[in-house]
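Engineer: The primary structure of each chain is shown beneath.
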Amino acid sequence: MATTVKKVNRSVDLTLWEKMYIPEILRGMSITLKHFAVNLLGNALEVFGGRRERKIQTLYYPEELPNVPIAYRGRPVLVADENGLEKCVACGLCEVACPANCISIIGAERGDGERYPVSYILDGSRCIFCGLCEEACPKEAIVMSGEWQDICEYDRAKMIYTKEDLLRSEKSLKKRIKVLREKYFNKGRY
Amino acid sequence: MSAYLPDLIETMVKIAIVLGMNIGFFAPMLAWVERKQSAVMQDRIGANRADIFGFTVIGLFHSLADAIKLIFKEDFIPRGADKLLHTIAPLIAMIPALVTFAVIPFGGHYVLWGHDVNLVIADLDVGILFVLAISSIATYGVVLAGWASNNNWSLLGGLRAAAQMFSYEVTMGLTIIGLVMYYQSLSLVEIVAKQENFFHWGIIWHWPAFILFLACAVAENKRVPFDIPEAESELVAGYFTEYSGMKFVIFWTAEFIEVVTISALCVVMFFGGHQIPFISVQDIVNYLMDFGPNVANLVAAVIGFTVFIVKVVVLIFIQMTIRWTLPRFRYDQIMKLGWKMILPLSLVWILIVGVLILAGIMPTP
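Protein chains in written order, with the working numbering: chain L, 12 to 201; chain C, 232 to 596.
Hints in this document: simulated from the structure, not taken from any laboratory. Hints may contain errors.
Cβ-Cβ distance ranges computed for the label pairs, FRET-style [stated by the list, open to error]:
1. 83(L) / 251(C): 54 to 64 Å
2. 108(L) / 284(C): 50 to 60 Å
3. 567(C) / 18(L): 40 to 50 Å
Derived DSSO-like pairs (lysine-lysine); straight-line CA-CA distance at most 27 Å [what the hints assert, rightly or not]:
4. 194(L) / 98(L)
5. 98(L) / 189(L)
6. 267(C) / 45(L)
7. 567(C) / 30(L)
8. 30(L) / 571(C)
9. 98(L) / 186(L)
10. 245(C) / 267(C)
11. 98(L) / 185(L)
Using N, Cα and C, we set each Cβ at its ideal position, and we do this for glycine too.
Make the full structure from the sequences, and use the hints.
Structural biologist: Okay, here's the thing in structure tokens:
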């Protein structure tokens, strides 16, 4: 084991200025008062319709929702094109890639020879939100969305999502798809 | 009988004002301020969910909700506790805080409808001694509460409270001596009257005494930098660990009223009481003489009372800020601070004031 000991100065000897105590109390009070003033002003402005400029990070949860970062892996969803049809071609790569075996697809052909999933079942109770399905998908048809609410249920049967449950418009997922392209195709870092 | 009736009514009104101000206004407001101010200061939000018909009034209703909850809570007396002492201890802790207010002038001297009104409940010649004597009785409440609860933590809290309050009692008395020498009076009414000139305010010459007195008074009140009798992290809740319901509230109320009392005392002794700098009561009365002497005096009284309350509120805010800024002292640090630092400093200050007065550098008003 490497013996790199970092010396920390734990000396508690106070300087004369600190021993006088009163200036240090005033310094501490000025810090707390500064926070008080900034937060009070920020809150007051918010009441009168101003922008929120406060240091308080707390969210009023049911009324305010957090902004999840775009790299957040929420519920995996299927991407629909302009016509509202799924982009998925039922190739089954996500099925294979899924380490939790939560995806099961039954594919078929449309009249024009295009393949599509007749049923696409994603078992939310088994999904581990790893994002391997979106990495495996060649058609950008399944992506991890930013949805994090209503994922928990009391009944496991309610967590088995069908194709209809999972279809989201391409527009709403544009940012995530852009990130995916940068992540997996353009930069080639992975 | 009829000769005493106006005096009786006057005294009753003054007592009603003081009680209403302390129990009705300051105690619940300070419970709210303590929560909300600390929250805003520490970048939190604080209690804000209790509402009446959807109005939350920035969490003000939490005091009301707390009061209702605590009234309906079980009043628990632990097995083996001394029932009588356990019951009267909170009262012994609370009553001195209120009684102290009897000698604190919250206004000046006014003539209303041919009747002399002095805005102080009892104009004692020995007001300062009365304050010191009464405030030391509060120690009994705390010690008895600790002893009567039949609980280790309570007993430890009571012991610490006894040691701490005794130590700081001595020092608190000594810090005011310089002020008494300066004003040549023990009567608080007279001290306020002598501060009519702004340059005779206590704070101008006696600011070291103010700092020492404030430190001692906060220690006497067992609030945060000096809260070892309570010490949540070590002693659960110290001397009131075994208290619940209304008795618990009484301890809390006593603490908040003492905050007000300390602020009022500081205002009276160091910040000129009801006086406004450079504007005397007589100026206000003369300015309003067009409306008749009674109205003029009444308005002057209201202005004086308001100024007094504003000063008290500012000092309360300073105390609250100190409470949420500083961490707690260790037991030995408190004793060291009390006996080895503040006590010698206050003695030195008495010497300095004596020399300055004798040399004529500090002219007494």
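Engineer: A separate judgement is required for each hint: does it hold in the structure or not?
Structural biologist: Hint check:
With their beta carbons about 55 Å apart, residue 83(L) and residue 251(C) fall inside the hinted range of 54 to 64 Å. Distance hint check for residue 108(L) and residue 284(C): the Cβ-Cβ separation is about 55 Å, which falls inside the suggested range of 50 to 60 Å. Between residue 567(C) and residue 18(L), the C-beta spacing of about 30 Å breaks the proposed range 40 to 50 Å. Only pairs whose Cα atoms come within 27 Å are accepted, and residue 194(L) paired with residue 98(L) is accepted, the gap being roughly 20 Å.
A threshold of 27 Å between alpha carbons decides the hint, and for residue 98(L) with residue 189(L) the separation of about 16 Å falls inside it, so the pair holds. Between residue 267(C) and residue 45(L) the alpha-carbon distance is near 15 Å, which keeps this suggested pair within the 27 Å criterion. Simply put, residue 567(C) and residue 30(L) have alpha-carbon atoms about 13 Å apart, close enough for the 27 Å limit, and the pair holds. For the suggested pair residue 30(L) and residue 571(C), the alpha carbons sit about 13 Å apart, so the restraint of at most 27 Å is met.
Between residue 98(L) and residue 186(L), the direct Cα distance comes to roughly 17 Å. Compliance with the 27 Å bound is thereby established for this hinted pair. For the hint linking residue 245(C) to residue 267(C), the alpha-carbon distance of about 31 Å lies beyond 27 Å, and the restraint is violated. Pair hint residue 98(L) plus residue 185(L) holds up; C-alpha atoms about 14 Å apart against a cutoff of 27 Å.
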